[in-house]
Structures are given as C-alpha cells and as structure tokens.
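**Q** Chains as they are written, first to last, in our numbering: chain A, 1 to 301; chain B, 1001 to 1249.
Hints in this document: simulated from the structure, not taken from any laboratory.
Hints may contain errors.
Covered by chain A, according to a simulated footprint, are these stretches of chain B (three or more residues, beta-carbon under 8 Å) [to be verified]:
| no. | segment |
| --- | --- |
| 1 | 1012-1021 |
| 2 | 1091-1099 |
| 3 | 1205-1217 |
Pairwise CB distance ranges, derived in the manner of DEER restraints [as the list claims (entries may be wrong)]:
| no. | chain 1 | residue 1 | chain 2 | residue 2 | range |
| --- | --- | --- | --- | --- | --- |
| 4 | B | A1165 | A | S216 | 47 to 57 Å |
| 5 | B | I1232 | A | T70 | 28 to 38 Å |
| 6 | B | R1003 | A | T126 | 23 to 33 Å |
| 7 | B | R1218 | A | A13 | 50 to 60 Å |
| 8 | A | R224 | B | E1161 | 46 to 56 Å |
| 9 | B | Q1243 | A | G59 | 39 to 49 Å |
| 10 | A | R127 | B | L1038 | 33 to 43 Å |
Idealized CB from N, CA, C, for every residue including glycine.
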Amino acid sequence: MTPAITVRNLRKAYDGVEAVRGIDIDVARGEIFALLGPNGAGKTTTVEILEGYRHADDGAVDVLGFDPITGGSAYRARIGIVLQSSGVYPFMSVREVCALFAGFYDAPRQVTDVLAAVGLTEQADTRVRKLSGGQRRRLDVALALIGRPEVIFLDEPTTGFDPGARRDAWEMISSLAEAGTTVFLTTHYMDEARVLADRVAVLRRGEVVALGSPASLIGDRGARIRFAVPGSVDASTIATVAAAPTTIDSGVATVEVDDPTRALHALTTWALTNGRTLDDLEVLRPTLEDVYLELTGGDAS
Amino acid sequence: MRRLLRQVRAEQRVYWRNVPTAFFTFFLPLLFLVFLGLFGRDKVVDGHPYAALFVPGMLGTAAVMTTFAGLAITLTIRRDRGMLKRVRGTPLPPATYLGGLVLSTSLVLALESIVVLVVGATAFDVSLPARWWELVALVVLGAVSFAGLGIATTRIVPSAEGSSAVVNAIYVPVLVLSGAFFPVGGMPAPLRFVSDALPLSHLLSAMRAEFTAGGLGRPELLGLLVVVAWGIAGAVLALRTFQWEPRGG
C-alpha cells in the first residue's frame, strides 16, 4: 500500500535561517508517527508544511496523493488538523461549534459520537469560553475528527496537560489509530512518543538524527549496572572485573556495559569470592529519554 | 449556498451573544441619534431642519461602525486567536467564510438602519424619503465599500489587543471630518479638502439629499464615484493582503 505521507529532502528557511534541513519521512497508513525534538528543532514547520499552511523551499511532499499546497478543499476534506494553539467562537456551545464544523464536510461523524470520543459529552452545552484548558484541547481534537479524516495532524497535543489528562489523551489517540486513522504528531515529551508512536523521528536543528520504533532507538545500546560500593574499592578494580568502563560517584558504582549478562556474572562472582555484597544492585536499560538527550546533544527543550 | 447560509446563521448567533460588541456596533449609533435629537431637534442648519441631517448622518455612522469597524476588529481578533487559521485548515472555502461574516454584518446594519429610520420618523418627524429605494441602495453601497475597507484594514492592525484603539483612531476622525454629526459647511479649507477625499462625506451628502432634496442630483452622483473608488481599492487590498494566521506565530 502506498504510504499516507511521503516527505523527501524537505527544506525550509526563515530569513535565511534553515529551520528544516533535508528531511525524509514515510508514514504508513494507520501508523502513529511521532516527530520528537526540542523546541526550535523544526517540528511545527514540518507539520505545517504537511498541513498546507507553508510552502517548502525545496523537496517533495505527498499526503494521500495530494500536494498540500495545491490540494485545496479536496485535500482538507480528508485530513484533520490540531494546531499548537487556535481559538474557537467563544460564544458558541461545544455542540454548536461541532455542528457548524460538521457542516464543512460531506460525510461528517455524528457530533454526539465525536464528543463521546473526546470525553466532552457533559460539556456539550457549555459555552466554549467557559471550558478549561484541557477541555479546549479536547474540543480541538473533536473538531479535527468531525470530518472523518484519514490523516490527523496533532501539533503538541498534550502540552500543558496534567498527567491524568495526558493518559486520557493517549488512550484517545491510540483508539484513533486502531480505527484506521493515520496519526502524525509532534511532541517534546519522550514518554508520549514511547507510549503512542509506532515509529519516532528524532529531530535536531532541522535534521532527522534517528528514525525507528521507540524500541529500536533504544535498541542495541548497552545497559548500566549500578550498585553501592564501600569506599575501599576504587573504580579501576571494578572496571577490571567487569571489563567495562566504570565510574564511582557518592559510593555508587556505575558500569557501562554492552553485555549485561556477562558483566553481571563477573561482578557477582567477584563479590562472592571476596565475601562482599553488591548492595542496591540494579541493571538499567537506557530510556528513550537517554537516547533523546544523547541525540539532541542536550539542546534546551 | 447552504453552507453560506449556515455561516450567516452562526455569525448572527455569535454576534448577538457577545453583548459588549453588539452594544458597541449596534446601539452606539442609536444612542448618538437620541443625544443629537435631544440636543438639536428644533435647530435649523444650512436651511434644513437639523433632524433631517443627523438622521442620515447616523445611517452613515452605523454603516461605518458595523461594517468597517466591526469587521476590522472582529477579524483581527479572530486572526490573532488562531480562529481563522483553524477554519483555513478545513474544506470550507475562504470566500464562504468571509462572505458569511460580511452578510451577517450587513444584516445587522440593515436592522440598525431600519431602527434609525423608525426612531427618526416617530421621534424627530423625519419622514422616509420619497425615493426610499435609492436610500436602500446607498446603504448597500456604503456597507459593501466599508466592508472591503474594514477587511483591508486588518493588515495594518498588529494585534487583537490594540485592535479597537487602532480602528477607533481611524474611523472616529473620519466620522467628524465627514460631517456625520454636523455638516462640514463651516469647516476651514484644509479640513474641507480632507473631507472631500473621504468616502463617508460623499455617502452622507447623497443620503442627506434624499431627505432634503427629494433625490440625488448630479453632484451627489459624482460624489458617489469617490465612494465606489474607495470600495474597489479596499476590496482589492483585502483580497491581496488579507492574512489568515496570527502575526509572528
């Protein structure tokens, strides 16, 4: 099947500063794809080019067979957009706004269904100006869903949410993909990308520095073994035993290993032989956050 | 067409629910009308009863406030809040969206004009002009011209916060210089010069002629060309420079 979204060598500069520097992406139909990166990495620029708001300087973009810039109403009838921030008529009720937007499409979803999907059923008759920030964000999603989009773009959908609301939003986004909608989202939250996305592209200064499933990004990076050591043992001793680089900080040894099984065996054997214990022993797999920080070089998020 | 009507209905709902804005654009000209009436109902100006001058004066004021100021402020706020950008991301054609808003605003103006005329006739003895249909045409011409100019003005209004200040700074002097409250006959020459260049002054001359001379003469018709020219300039600028996205965002 042809991909829902294809991006080739996408480039965009503002006032001579390159925001996006040659991005290549394919997103399959029904996939949840996350663009992960710190602020200023080019996420919004990329998604707004896909949505048809911005011209690319160079490269090719195809969404559902359309060029977003020339796709016009026919293109917009098939996508849903949740912008980073956008207002709605403050003096209309949630239901009225949804009904109005439903009228923009030929075969919209039922307003009640969409409100149920985003959890706004109880607020259906509330005026938009009385909604909380989280409820407004859900209304954003409702308005993006009402036209039965094949692809939905979400630009930082959960920024500013409390943890509970974020989990609810994740469930909702997952259920969209289960129903066959292709989801393209941007985020600067690692956990969001890890929980939601089938694949992640990590963006740094306008370039994709890593691309793959969250698991594959963590992939073949080694692990860390940590345990408490008494002051009499120095790092080089442990490094020799484990055959791996070791640091000791505040009485805690951290060993960076490629093969945790072998290193653990060596360390526990050494401990038993010398009549020691490895207190607080733990083996840590790197998180997506570690990978992200490494890849983005600690650019402020 | 169905979508356009739906937009008009939605815009009407939004307009009347936003009480401060509805007050500002709809009731303020009516309030002026009543004040002017209480202050000068028996006065004679330029050989005409003052009432026969300020009733059309308030028709023009209403047109400027609802279409020019109302559209400029509403659209700037909607642009800044990202409401326009959101609509732009849907299949609704931009022309339908803007058309719905302009039609809805015109509906408000039509209603307001009727109220002005009714108050003028009942409270200040200003009877409807013999060629009332010409007056209707003049209100429509004003509405269309000022709507274009209002939409074009959003280009120079930087943000929602200062929008009413900027827009007021434009149209309040225009109202005074165009003689909406008091005819410009006694104005010094330089001000007359400015006044003659403004669309409202010519629209008002034509409207007043309907009430005082029983119809439009050649000078009034020529003056309307100035209104049309401003209207076309506004429409062209609006089409070319209108922005759907918040500034600097």
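**Q** Hints first: check each against the structure and report whether it holds.
**A** How the hints compare with the structure:
1. With a cut-off of 8 Å between beta carbons, the segment 1012-1021 of chain B has 4 residues touching chain A; three or more are needed, and the interface restraint holds.
2. With 3 residues having a Cβ less than 8 Å from any Cβ of chain A, the segment 1091-1099 of chain B passes the three-residue criterion, so the hint holds.
3. With a threshold of 8 Å between beta carbons, the proposed coverage of the segment 1205-1217 of chain B by chain A is violated, since 0 of its residues qualify and at least three are required.
4. Checked against the hint of 47 to 57 Å, the C-beta distance between A1165 (chain B) and S216 (chain A) comes to roughly 56 Å, which is consistent with it.
5. A beta carbon spacing of about 29 Å between I1232 (chain B) and T70 (chain A) agrees with the range 28 to 38 Å that was offered as a hint.
6. Checked against the given bound of 23 to 33 Å, the beta carbons of R1003 (chain B) and T126 (chain A), roughly 26 Å apart, stay inside it.
7. At roughly 58 Å, the beta-carbon separation of R1218 (chain B) and A13 (chain A) lies within the given 50 to 60 Å, and the hint holds.
8. Against the hinted window of 46 to 56 Å, the Cβ-Cβ separation of R224 (chain A) and E1161 (chain B) comes to about 51 Å, which satisfies the hint.
9. Distance hint check for Q1243 (chain B) and G59 (chain A): the Cβ-Cβ separation is about 25 Å, which falls outside the suggested range of 39 to 49 Å.
10. Distance hint check: the CB atoms of R127 (chain A) and L1038 (chain B) are about 38 Å apart, consistent with the given range 33 to 43 Å.
Comparing the model with each numbered hint stated earlier shows that hints 3 and 9 do not hold.
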